[in-house]
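The listed protein sequences correspond, in order, to chains A and B.
Take 160 as the starting number for the first sequence in this note's numbering and just add one per residue.
Take 19 as the starting number for the second sequence in this note's numbering and just add one per residue.
Rather than coming from a laboratory, the hints here were simulated on the basis of the structure.
It is possible that part of the hints are untrue.
Quick list of the computed label-pair ranges, beta carbon to beta carbon [as the list claims (entries may be wrong)]: (1) A:K279 x B:L38: 41 to 49 Å; (2) B:L38 x A:T228: 19 to 27 Å; (3) A:H241 x B:D181: 30 to 38 Å; (4) A:A273 x B:S228: 55 to 63 Å; (5) A:E243 x B:L38: 28 to 36 Å; (6) B:E274 x A:A273: 53 to 61 Å; (7) A:T235 x B:A52: 20 to 28 Å; (8) B:H69 x A:A273: 49 to 57 Å.
Just so it is clear, CB atoms sit at the ideal spot from N, CA and C, and this is done for glycine as well.
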Amino acid sequence: MKGIVFTEFLEMVETEFGLETLDVIIENSDLSSDGIYTSVGTYDFNEMVSLITSLSGEVGIPIGDLIYTFGLYLFTSLGKAHPEVIQSYNSPIGLLYSIEDHIHVHVKKLYPDAELPTFKILEKTDTSISMIYNSSRGLYRLAHGLIEKAFEHFNGSASVSYELLKADGTEVKFDVIQNG
Amino acid sequence: MVLRLNLMSFKMDSKEVILLKKALERQKRARQQAEKILEEKSKQLYDVTQHLRESNSRLESLLTEKTSEMDGVFLNIIDPYVIMDLEFNVVNMNSSAKDFLGFDHTEKSVNLRELVHPEFIQYTAESLSSLVEVGTLKNYRAKIVLLDKVEKWVQINASLVYDSKRKPIAAQGIIRDITNEMEVKQILAYQKKQLDIIVENSPLGIVLSSEGKIIKANKTFIKMLGYSESELKEMLIKDYTYSGNDFDKAQNDLMEQMDSGELDQFTMIKKYIKKNGEIVSAKITINTLKSGSDNTDYQVAIIEDITKELEAEERINAERHKYRSIIANMNLGLVEVDNNDFIQLVNQSLCTMSGFEESELLGKKAAEVFNVQNKAIIANKNAERISGVSDSYEVEVLDKNGVLRHWLISGAPRYDENKRIIGSIGIHLDITNQKQLELQKGVLLEELEKSNENLQEYAHIVSHDLKSPLRSISALATWLYDDYNDVLDDSGKENLGLMQEKVASMDRLIHGILEYSTADNSALISTSVNLNEVISEIKDSIYIPEHVDLSIPTPLPIIDADRTKLHQLFQNIISNAVVHIEKENGLVEVLCQEKKAFYQFLVKDNGVGIPKKYHKKIFDIFQSIGDNERSTGIGLSIVKKIVDRYQGEVWVESELGEGTQFYFTLKKELCQNPIK
């Protein structure tokens, strides 16, 4: 997993729960990297699982909700890091529609070894989009957060519903309807 | 230092310091990690650059090699390739050019200008100067004459070759043999010309149109509408299409279907308005075709002026209607059968005649449905019909109610438009009534003949039987006169004389009846008769009063006829004439006039004349006028009978006190002896 996800995650933990909580989960997670991450590196996905699990235990918030919250946070961070990518869109639906064909292409330029989820578009209108998330990581709640934040970014909101096509969350159908 | 000062000044507890230290340590190590990654990436980048450099130099040398190969390639290209100096002398050529031009510049120096066909020398010079000016020459097309005198069409694309100082020193060109192409072009042009001739001279109007406007129209169409071609091109087709009739909608539907591509051909009847306002009916076949880069729809229409045909058709329909009503209403039965004798059509009269309904007849075999008594005739006639013979014949047929009818049938073959016999038409006339009359007439004639015979026989018997008692009376009266001459006084003698006279009168009457009854029965025995002799015989044999003269002013003809009958004829008239003259000098003349078809005779006297009211009556039997003892009233009726037998006429003209003219005619045809 790309280092930027780890660095941003730790950034969120520090901001939301404080330095102490951050230190506790790093200490508790028994990480081979010792909790030292750089955004240009690549690290074992299991470390992320350990970190989140630890955080959930520490703060008493369900793992899924934490991942979702991280998704909201991550969108903002990524937007700050690569504003030009988001600027090329004028609607959240357009952005979602182009994840595979545009955004992930940019990601691959910077991180050729990145393991990215796929989004298969089933249907798209001006105000709605439905697609299937597919990733061995099963981080669909992360995607959920990213999607909602994308609407927020464009000063809008959306009702996002999802349906697990596979129980482990590696294949999930999203139905996104823009509000208003 | 600043950080430490801050830490110090905020008096952070030791736990927080430891945490921050740890965090700082993690950040430091993360930075080192990132630096290490960057170093690795730099190394990778360097390796890639090195690799690219090597590739580049390999490519460069490859390029040099290829460039040096180019000349050889040019010489080996498939199309003829020639380099010449600006004076047309061949400098180099490839093998393909050698094959095509038929010479090798290494063996023989050739100036290409000599190959150019005389017609293209001017063009060639211009092309060369253009080449020198512009540097390239595209699609130079000319005819050349090869050394073996074969003519070829070539297309050359050429460019200048410069020396190192950019001075043109030669021209190189690729030659393409377009002889076939040009031939094809010529053939195409020729065919187009032929096509144009066909289109222009077609009796059908031919029009190319697009988007409702005419692009091209042939003479026939222009003539059909009376507009000039330029006028037509300015107008929309609908401007001169006659609208306001039923087929407008149908036409639009068809056009829409064609526009949408569902249909690429249809035929319809439409009407145009001519320039002079007349309406032309036309049968029009429209084909659509897509052509051109913009895929525009074009319509090709073939237009046939059918105004006359439509008029003719209307007339034919009117005629047809007329004949149909004639057929339906005529008093003759009509049957049409096919070659197998199946009834195709009957009219009302035939149904009435035969007693069948139309539905009982149609589709049936005529020979089976009509109960013809003599079936052989029908089969025979049908066979004749198939061989094309028309004729009439009679048949006996039982109608539906079993009543015998006689039909006169006139049959004729029916032909289709290709003159093939497809059956026959029979016109049936019911002649049952005539037939019955004919039969009755036969019976009546027979009866009449019989009764005539009886009558004659009777007349003979009667006259003979009457004559013998008459002779007895005459003899007895004579004896009485002779034996009692002394005893009888004058009155008695006179009575006996009168008696004798009455007996003679009676005798004449009987004789007359006998003659009358045989006058029109006994056969005419023709011989050559000299009428002058006949008249002189009559003159000797009859009583002619002293004061009357019988004369023949001009000789009468000699004719072939029954002498006895003619004698009787003339005698009866003349004897009648001579006794009725009271004038001092009586004159009876016999005259003849030869007419075209008959002889006309005239017996003319200057006697007392016959009152007008008797002119007809005198020829009837027993009609006598006056009180002449010798007149029986039979003579002139015999005259009439004889004249009748010679198909002549007899009439009388008379003026009381002036005289009488008896005219009669004899038909020449019957006065000629067949055994001459």
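So, going through the hints one by one against the coordinates:
Hint check: K279 (chain A) to L38 (chain B), Cβ distance near 46 Å, so the stated range 41 to 49 Å holds. With their beta carbons about 25 Å apart, L38 (chain B) and T228 (chain A) fall inside the hinted range of 19 to 27 Å. Between H241 (chain A) and D181 (chain B) the C-beta distance comes to about 58 Å, which lies outside the given range of 30 to 38 Å. Hint check: A273 (chain A) to S228 (chain B), Cβ distance near 59 Å, so the stated range 55 to 63 Å holds.
For E243 (chain A) and L38 (chain B), the hinted distance range of 28 to 36 Å is satisfied, since their beta carbons lie about 35 Å from each other. Checked against the hint of 53 to 61 Å, the pair E274 (chain B) and A273 (chain A) passes, with Cβ atoms roughly 58 Å apart. Range check, T235 (chain A) to A52 (chain B): about 22 Å between beta-carbon atoms, so the 20 to 28 Å window is met. Distance hint check: the CB atoms of H69 (chain B) and A273 (chain A) are about 24 Å apart, inconsistent with the given range 49 to 57 Å.
Consistency with the previously given hints fails for numbers 3, 8, ordered from lowest to highest.
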